[in-house]
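*Asks:* Line order of the protein sequences matches chains A and B. The first sequence lines up with residues 1 to 744 when you count with UniProt numbering. The second sequence lines up with residues 1 to 744 when you count with UniProt numbering.
Keep in mind the hints are simulated off the structure, nothing from the lab.
Restraint ranges, calculated between C-beta atoms of paired labels, are given here:
(1) Val364(B) with Tyr360(A): 32 to 42 angstroms
(2) Asp238(B) with Lys663(A): 38 to 48 angstroms
(3) Lys166(A) with Ser204(B): 32 to 42 angstroms
(4) Lys166(A) with Leu431(B): 42 to 52 angstroms
Glycine included, every Cβ here is placed at the ideal spot set by N, Cα and C.
Protein chains: 2
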Amino acid sequence: MDLSSFITSLLTSFLIFVILMVLFALLSTKPGNAVVYYPNRILKGLDPWEGSRSRTRNPFAWIREAFSSSEQDVVNMSGVDSAVYFVFLSTVFGILLLSGIILVPVLVSLAYTEKNPKIVDSTGKNAFDDLDKLSMAHLKEKSPRLWASVVACYWVSLVTYVLLWKAYKHVSDLRAAALMSPVAKPEQFAVLVRDVPSSSEGYSRKEQVDSYFRTIYPETFYKSMVVTENKEVNKIYDELEECKKKLRRAVIIYEDSKKVNPEGVQPTHKTGFLGILGKKVESIKYYNEKIDELTPKLEAAQKSTLADKQQGAAMVFFTSRVTAAAAAQSAHSRMIDTWTVVDAPEPRQVLWTNLSKTHYERDVRQYVVYFVVFLTILFYMIPIGLISAFTTLPNLRKLLPFLKPILDQTSIRTVLGAYLPQIALIVFLALLPAFLLFLSKAEGITSESHAQRAASGKYFYFSVFNVFIGVTIGGTLFDSLKEIERDPNSIVGKLATSLPGNATFFVTFVALKFFVGYGLELSRIVPLIIFHIKRKYLCKTEEDLKEAWYPGDLGYATKIPNDMLILTITLCYSVIAPLILPFGAIYFGLGWLVFRNQVLKVVVPRYESYGRMWPHIHVRILASLLLFQVTMVGYFGVKKFIYAPVIIVLPITTLIFAIICKKKFYRFFKTTTLEVVASQELKDRPDMETVYKSFIPPSLNTEKGTGESAGVDASKDRQNMETAYKSAIPSSHIAEGPRLDQVV
Amino acid sequence: MDLSSFITSLLTSFLIFVILMVLFALLSTKPGNAVVYYPNRILKGLDPWEGSRSRTRNPFAWIREAFSSSEQDVVNMSGVDSAVYFVFLSTVFGILLLSGIILVPVLVSLAYTEKNPKIVDSTGKNAFDDLDKLSMAHLKEKSPRLWASVVACYWVSLVTYVLLWKAYKHVSDLRAAALMSPVAKPEQFAVLVRDVPSSSEGYSRKEQVDSYFRTIYPETFYKSMVVTENKEVNKIYDELEECKKKLRRAVIIYEDSKKVNPEGVQPTHKTGFLGILGKKVESIKYYNEKIDELTPKLEAAQKSTLADKQQGAAMVFFTSRVTAAAAAQSAHSRMIDTWTVVDAPEPRQVLWTNLSKTHYERDVRQYVVYFVVFLTILFYMIPIGLISAFTTLPNLRKLLPFLKPILDQTSIRTVLGAYLPQIALIVFLALLPAFLLFLSKAEGITSESHAQRAASGKYFYFSVFNVFIGVTIGGTLFDSLKEIERDPNSIVGKLATSLPGNATFFVTFVALKFFVGYGLELSRIVPLIIFHIKRKYLCKTEEDLKEAWYPGDLGYATKIPNDMLILTITLCYSVIAPLILPFGAIYFGLGWLVFRNQVLKVVVPRYESYGRMWPHIHVRILASLLLFQVTMVGYFGVKKFIYAPVIIVLPITTLIFAIICKKKFYRFFKTTTLEVVASQELKDRPDMETVYKSFIPPSLNTEKGTGESAGVDASKDRQNMETAYKSAIPSSHIAEGPRLDQVV
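Build out the structure end to end from the sequences listed, making use of the hints.
*Replies:* Okay, here's the thing in structure tokens:
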């Protein structure tokens with residue numbers, strides 16, 4: 001990539017960013033958009049604008065607000081997991097900043113002032129374009145200036161160790177503070193029991209579980225809840241809920257019609273396929289009948305499910321948090337394949353269908369999934385390699401000669417050269433996360449957050465292997481395929497030699513990611529448009545409207561591996577092409593700023609894992625560092641630097657550091673330590689029945705009149721939502737149907 | 001080794017065995033020797049001869065008794081650990097027997113009937129002596145008969161897997177039955193807490209521990225016992241006990257002298273060095289004075305120790321077994337380096353001085369010990385290699401020419417050739433176990449049984465590396481040193497080629513081990529002689545006498561690695577020289593018989609670990625199997641057998657088998673599972689104060705009049721000892737001094 005397309009790429013990205021910023025400043029102050037730009041505050045029952053509701057407020061106030069917010073604000077608004085994400089962003093920002101301050105001035109000036117004889121590449125041009133002159137590639141073989149690079153490697157590693165250690169400590173404190181909170185959480189009183197052996201004659205699973213745990217914990221055992229096979233009951237429940245929803249809609253349509261015509265028009269619909277075919281019926285009557293028919297059916301299904309479809313898993317509730325925490329860490333049965341007791345997940349993130357999978361099934365599924373992921377990583381490499389090989393302009397011209405006239409126009413060539421490979425890459429990567437999450441859930445994992453972490457890990461390894469190694473090697477694949485074929489061991493050397501050539505590609509990749517990505521994230525253009533379309537044409541009830549603006553969560557599973565990929569790229573190039581460091585630092589710094597805004601005002605976490613993500617993040621940062629160090633060992637070899645072995649100390653140090661950190665900190669993230677749950681008196685002993693009920697799946701809730709899934713917290717949330725929604729939505733849209741109470 | 005020296009070796013060993021058996025038959029029926037041949041029965045308060053006390057009883061009755069004893073008898077007489085040792089012996093016996101039944105007839109006949117052209121070795125003789133003709137070495141390269149060897153490898157492996165799986169299950173049941181016993185054990189109510197953080201101002205460690213555990217376990221916490229630095233108090237206590245013992249002796253001597261001279265002679269001794277120098281004093285008066293002086297000194301030391309020398313470790317007692325078991329498995333503190341809670345060891349096997357070692361100290365010590373062991377294994381290899389290289393007769397003749405006239409005499413040569421290497425090896429190995437046990441204790445391990453296991457593991461790796469690999473390679477070292485120097489990778493090939501030559505050496509080694517070793521073990525000649533000498537010349541009091549005959553324990557730490565070495569050798573040669581199999585089977589079969597007798601009648605276990613040794617045994621049997629399989633891969637390579645890769649399946653299977661077994665069974669051996677301690681009601685709830693007191697070290701027991709270390713059990717033992725001893729000792733020796741009560 002030459003200098004002009006490099007600059008073009010940067011400028012275009014920046015331009016898009018500026019446009020999106022302006023849009024954000026304009027749109028976010030409009031009251032009608034409040035539910036799109038401030039949903040988290042609204043759901044928490046807070047005023048979106050914090051006092052200054054005027055339209056003339058400073059459009060950059062969000063920056064000040066983001067900077068002035070404390071970590072505690074983040075925890076309050078979005079939970080510990082979000083706060084941990086900021087620890088990650090600020091730690092990496094710190095690493096890249098501290099590295100950049102030293103490396104950029106020193107290494108760039110050393111590289112630029114190196115007197116290097118003109119090297120001519122295979123096409124007859126000078127192998128160094130203007131940008132490459134600023135990189136380590138410009139240093140001569142065996143040059144004593146390589147010592148500066150060695151020192152730089154040590155500096156980057158040292159900074160990483162120190163900041164990671166501090167961050168781990170800090171996250172550990174965050175987690176402890178959250179777990180020690182005097183507010184009781186239902187999952188702290190429960191454990192999940194899997195692999196309940198098939199019951200002996202005459203006893204139901206529930207009796208079996210009860211007697212087992214009552215024997216072991218005679219004083220603190222409260223109750224058990226055997227997991228059931230809910231497929232049938234769920235189906236009926238969903239159908240019923242759908243009917244209720246449609247009834248509410250029909251009622252509102254009827255009420256609206258009265259405004260025009262005092263008698264009103266009974267809404268009608270057809271019962272057949274998609275409402276197009278079939279008999280025409282009066283909706284309100286039809287749905288009322290349907291509900292009357294389904295309600296007793298649901299009750300019957302609930303009864304038969306609870307009685308006859310008990311599975312080999314259960315939630316067991318204790319009256320003491322300490323007992324529950326200790327039970328989840330203790331071996332109960334002699335054999336590993338019966339009575340497995342683990343921490344209960346939060347009620348809202350239990351993956352019910354996975355609970356009853358047996359020990360061996362889980363094992364087998366895990367290996368199968370790992371194998372599939374392994375294949376995915378390997379076989380995606382081929383298309384990615386092909387894409388990046390194809391999309392270099394000289395290759396395009398060579399392989400698709402009919403495009404030649406177009407590609408020879410300077411402006412098109414510049415734009416294409418700047419963007420084609422990056423866009424191909426980004427589109428490509430968007431397809432994967434859902435598949436990996438599906439695979440992770442198929443492993444038999446019990447909680448959403450754990451599945452997200454597992455998917456995130458898979459995505460990380462995928463990204464590093466495919467994007468980084470794939471692009472780096474793939475970019476030079478056509479030239480070097482034969483060489484690799486001849487000597488497969490040369491891949492490391494190949495990787496090292498082809499690194500500098502890809503540096504500018506990755507700089508523009510990083511810049512595109514943050515300018516366009518963060519711009520879109522902050523301005524929320526897409527959700528805004530979708531919300532307004534839905535509001536105008538589809539939403540009838542309050543519920544519909546809330547669904548239309550209800551925000552997602554932070555999206556750990558894809559966000560962190562993406563950030564990790566940027567970090568890996570930046571670290572790996574930090575010494576070879578130090579100019580990448582400021583871009584990396586901006587990526588994480590700007591990310592911190594943008595997401596601070598999002599977390600405080602927009603996103604609503606779907607679950608809370610109290611920072612369990614951190615050990616994974618930590619290990620992956622170290623994996624990136626290791627890749628950097630190993631690459632440097634190879635690159636110093638390519639430079640024929642005879643002191644290269646001094647770098648070998650670094651990967652070893654990284655491994656030792658990883659082991660020490662794991663030993664010292666990891667246990668607290670894996671288990672709930674007893675002192676933490678015991679150290680603080682609970683504000684008020686929770687009602688055990690509430691705790692128990694919070695775990696009942698909505699479709700099995702047999703109490704009259706409630707269809708809610710969670711207990712106290714969720715219903716409070718719901719309340720807030722209603723209030724917030726009413727205060728924020730133009731009043732013309734609020735229309736409470738008189739028959740709603742009757743329906744619910 | 002040629003046929004004649006082979007036969008000589010076997011015959012001599014057998015002769016020694018027969019002599020020792022005859023001695024045993026004669027000596028064991030004499031009532032005066034009962035305390036040497038039946039101490040375990042005597043200590044348990046049982047009649048040594050079980051009814052038939054006549055001298056004319058069948059001298060081989062012990063064989064019948066051994067065979068008719070059940071596993072439960074072994075558990076009752078000697079505990080679960082002993083029963084597990086028999087599971088080991090019978091499992092290995094089964095493996096070797098089942099292998100031998102197939103391998104010996106098939107492989108030997110195939111090898112013997114192979115038409116092999118005369119191969120001439122470097123010295124010009126036929127490379128195959130008579131014995132080698134029966135081994136796989138006699139098969140031609142690429143011979144199709146090698147397929148039989150392949151099948152044999154699979155057969156041996158299969159038999160091992162099946163029997164090991166069964167054995168693991170069986171041992172697991174044994175352990176469960178013992179732990180579920182309704183008799184409460186003090187250690188089941190306690191946990192050991194290490195790494196208590198330095199106490200905050202104004203609180204003693206004890207207050208700190210109490211408040212920490214009372215917060216977490218408000219209902220079940222009973223009491224804590226902080227570990228103290230006992231060096232000073234132990235010294236005073238030992239001095240006091242020594243004085244008391246000497247006083248009792250002096251009293252008896254005085255009483256004895258009255259029989260000769262009615263006035264009696266006051267015994268005297270000198271106070272200086274070894275009783276030779278110094279002032280002459282009247283013993284009884286002197287010791288009484290000394291005791292009066294030391295007793296208040298001890299009390300003062302006890303007080304100051306308990307108050308001022310508290311260390312960072314404690315025993316914590318709970319009123320519930322389940323709580324103690326769960327606590328030992330749970331993480332209490334956020335940081336790994338504080339409040340480490342583990343299972344409490346049995347009171348009698350606590351290694352007090354190790355308890356207060358901190359987390360990091362333990363880590364460092366462990367690595368240092370591993371490094372020292374590593375060095376030991378490597379550097380002992382040199383002397384062992386030299387010894388076995390020197391002690392082959394041709395080498396001796398070559399290197400020590402002045403011995404030539406002696407060595408040329410046929411009889412001397414035969415005996416030397418048969419025994420020299422084996423004796424050198426056995427003597428050499430006798431030096432090591434104590435050193436390894438010392439090293440293991442230095443790691444900071446908390447219990448004697450754990451230290452024994454650790455030492456046993458070190459000894460196993462030492463044996464396999466040094467004896468097996470050392471002798472095998474060392475025996476041909478002089479010929480092949482240069483070759484290895486040229487290509488270090490050739491060691492595996494070297495090992496494989498030099499294997500057959502050493503087969504007969506190892507057969508005689510095994511035979512010597514079991515004939516002479518078991519003969520000595522059963523006949524107890526050495527303890528018998530020592531006992532009679534002591535009884536005649538040294539013993540004055542009952543106590544002295546009991547000390548003289550008190551038996552040791554089974555000696556796990558050295559016995560199992562030795563057995564393992566035999567197993568490793570037998571397995572490795574099983575296919576190459578199948579004739580070793582019957583010898584191996586006899587070793588373990590005879591071992592079972594002899595030790596059945598010893599366990600039922602002689603040895604008294606010093607501790608009980610409820611079969612925790614088994615996982616280690618299991619892993620090491622698999623390690624032996626793995627070594628066998630890898631060796632075979634190499635040996636098939638040497639035989640240029642192109643289908644050798646089919647053997648590679650076996651080591652992989654072994655690794656997978658090891659992983660599965662570990663996953664399935666190991667957890668129950670590592671931790672106390674809750675269902676086991678909760679499943680059975682205790683016969684009677686133990687008095688918690690007794691439990692607490694059983695952990696008080698004797699030197700700190702402040703109660704008047706007791707100097708005993710353990711609680712209930714030990715004092716019961718002591719009682720039994722006294723009774724048993726009185727019934728078994730000729731009455732002339734029992735002389736109760738009238739002042740004994742006054743003294744104690």
